[in-house]
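Visitor: Chains A and B, in that order, give the protein sequences. Letter by letter, the first sequence follows residues 387 to 493 of our numbering. Letter by letter, the second sequence follows residues 7 to 418 of our numbering.
Warning: the hint list may mix true and false statements.
In silico DSS-like pairs for lysine-lysine, Cα to Cα no more than 25 Å straight-line [to be verified]:
no., chain 1, residue 1, chain 2, residue 2
1, B, Lys319, B, Lys395
2, B, Lys209, B, Lys337
3, B, Lys337, A, Lys455
4, B, Lys325, A, Lys455
5, B, Lys337, B, Lys319
The hints are simulated quantities; they were obtained by calculation from the structure and are not laboratory data.
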Amino acid sequence: MPQITYVHPNGTREVLDVPVGTSVMRGAILNGVDGIVAECGGEMMCATCHVYVEEDQLGRTPTQSDDEKAMLEFTASERRPNSRLSCQLVVTPELEGLVVYLPETQV
Amino acid sequence: MAAPLVAVVGTGQAGFQAAASLRQDGFAGRIVMIGDEPVPPYQRPPLSKSYLACESALDELWLRPETFYTQHQIDLLAGETVEAVDRRERRLRLASGSELSWDHLVLATGARFRPLAVPGAELDGVLPLRTLADADILRERLDHAREVVVVGAGFIGLEFASVAIARGAAVHIIEVTQHPMGRVVSATISRFFTNAHRRWGAKVSLGSGVSRILGADGRVTGVETSDGQYLPADLVLICIGVIPNAELADEAGLAVDNGIVVDECLATADPAIFAIGDSANFPTPFALGRVRLESVQNAVDQGRCVAGHIAGKPAPYDKVPWFWSDQGDLKLQIAGITAGHDTAVSRGDLQGGHFSVFCYRGGRLIGVESVNQTADHVVARRLLAGDPKLTPEQAADEGYDLRAHARSLAGR
Chain A
387 MPQITYVHPN
397 GTREVLDVPV
407 GTSVMRGAIL
417 NGVDGIVAEC
427 GGEMMCATCH
437 VYVEEDQLGR
447 TPTQSDDEKA
457 MLEFTASERR
467 PNSRLSCQLV
477 VTPELEGLVV
487 YLPETQV
Chain B
7 MAAPLVAVVG
17 TGQAGFQAAA
27 SLRQDGFAGR
37 IVMIGDEPVP
47 PYQRPPLSKS
57 YLACESALDE
67 LWLRPETFYT
77 QHQIDLLAGE
87 TVEAVDRRER
97 RLRLASGSEL
107 SWDHLVLATG
117 ARFRPLAVPG
127 AELDGVLPLR
137 TLADADILRE
147 RLDHAREVVV
157 VGAGFIGLEF
167 ASVAIARGAA
177 VHIIEVTQHP
187 MGRVVSATIS
197 RFFTNAHRRW
207 GAKVSLGSGV
217 SRILGADGRV
227 TGVETSDGQY
237 LPADLVLICI
247 GVIPNAELAD
257 EAGLAVDNGI
267 VVDECLATAD
277 PAIFAIGDSA
287 NFPTPFALGR
297 VRLESVQNAV
307 DQGRCVAGHI
317 AGKPAPYDKV
327 PWFWSDQGDL
337 KLQIAGITAG
347 HDTAVSRGDL
357 QGGHFSVFCY
367 RGGRLIGVES
377 VNQTADHVVA
387 RRLLAGDPKL
397 TPEQAADEGY
407 DLRAHARSLA
417 GR
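Construct the complete structure from the given sequences, taking the supplied hints into account.
Guide: Written out as structure tokens, the structure reads:
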């Protein structure tokens with residue numbers, strides 16, 4: 387099972403095994419990681435599962451859809467080039483070792 | 007003095023959010039959530055979408071794992087019913103016989119499915135879709151159902167219809183008005199979706215009600231419509247709307263009028279009692295007068311608003327309403343409340359199924375309905391949060407840059 391690391395704004399790291407096919411968002415919710423809100427449940431109607439992907443891992447993440455790009459305009463924390471909606475990061479073997487940084491706030 | 011206690015009646019999305027946000031906002035008292043469903047808080051939208059289609063599993067429905075509630079010291083009484091609210095003593099009477107004293111009471115009681123009062127409605131195979139238990143039954147029935155009649159063409163009925171077709175059933179949708187989803191969308195969107203369902207293979211009868219449901223050996227066999235059709239069926243979904251659960255408030259002497267009547271801060275006439283989510287009837291700048299909305303956005307934002315109020319940061323509720331519906335390969339996104347518009351203009355590719363309808367009342371943009379056009383939806387939510395200053399001519403002009411328009415307003 388790929389390991390995903392969630393880094394809180396204070397630097398605390400939570401390392402979780404997230405099953406292939408599950409999103410990085412769902413992995414956080416199921417394991418009670420604070421800092422992912424996921425108001426709409428992964429429907430890309432909100433931007434409350436916002437994460438910053440480790441810069442040098444961006445190339446391994448799935449391509450951003452136009453819808454995700456549009457919805458990223460609603461992030462409560464600053465949008466950066468490595469901003470993603472974690473509901474769109476579905477875990478595959480290629481994402482083993484992915485590190486995502488949680489923003490200061492989601493709402 | 008004992009730590010204050012907030013009792014949240016209802017364990018749906020609104021109740022969950024109120025409890026979670028109270029902790030987030032630093033509320034240090036006790037929080038007790040009480041709900042009559044025997045399961046932890048879950049998401050309702052997938053029940054008529056991915057969950058029904060067997061594309062998502064049960065564990066994806068939970069809003070949080072059960073450990074969340076213990077970690078955040080939220081007492082979750084699932085499978086418990088509140089029988090009465092005693093305002094004078096500030097106490098709840100529970101069906102189990104115990105009582106609970108509260109300092110603040112949040113009524114997030116939701117809504118229940120509206121039954122259809124016709125002969126035969128009690129037959130096996132005539133089913134509602136509101137709760138997880140309902141969805142579990144339908145999910146299994148759809149394994150074998152061959153002929154499905156959907157009574158009522160609102161969001162739930164149409165979402166269900168598109169899943170039933172995809173799962174191999176023949177589907178006949180009957181709608182008593184001429185306009186599917188007509189209470190909440192423009193005529194353009196209503197027509198577009200009606201045509202889409204017909205293209206996907208459903209039959210759609212408009213202006214058609216149910217006179218009776220027929221059965222044999224206790225099981226449904228068909229539906230007789232008000233316009234004289236006989237539609238064979240082994241599964242009938244009744245989805246003609248909901249009834250807000252306002253009885254507790256009513257019996258406690260609080261005002262009820264299509265939901266529990268609250269002020270702009272979501273408080274009832276009793277300042278210690280709030281109502282949020284599907285059961286709350288509230289004033290809004292996004293419509294003429296008061297509304298009661300059934301949506302995730304409304305539940306979440308109102309839960310947050312009331313939590314802030316109780317935690318010492320009161321503010322009026324003023325969030326832009328938004329909604330979505332997934333039907334087949336179409337995603338409908340609505341920003342604002344478009345009911346009551348007097349002008350509607352389209353933008354985009356109607357034929358190709360990527361477009362938006364901009365709805366106006368008295369010259370002011372009041373809502374935007376987008377089909378597979380998220381970029382427009384995002385702009386609409388931004389515009390509606392302030393004074394949109396977007397004319398119908400600008401909205402209809404595809405050369406006009408909506409994002410730049412929204413940015414120019416934000417920069418003022």
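Visitor: Next, verify each hint and record whether it holds.
Guide: A quick look at each hint next to the structure:
At most 25 Å may separate the alpha-carbon atoms for a hinted pair to count; B:Lys319 and B:Lys395 exceed this at roughly 31 Å. The suggested pairing of B:Lys209 with B:Lys337 holds, with an alpha-carbon distance near 21 Å, which does not exceed 25 Å. Distance hint between B:Lys337 and A:Lys455 is fulfilled; the C-alpha atoms sit about 16 Å from each other, no more than 25 Å. Among the hinted pairs, B:Lys325 with A:Lys455 is consistent with the structure: their alpha-carbon atoms are about 22 Å apart, no more than 25 Å.
The hinted pair formed by B:Lys337 and B:Lys319 fails the criterion: a straight-line CA distance of about 36 Å is larger than 25 Å.
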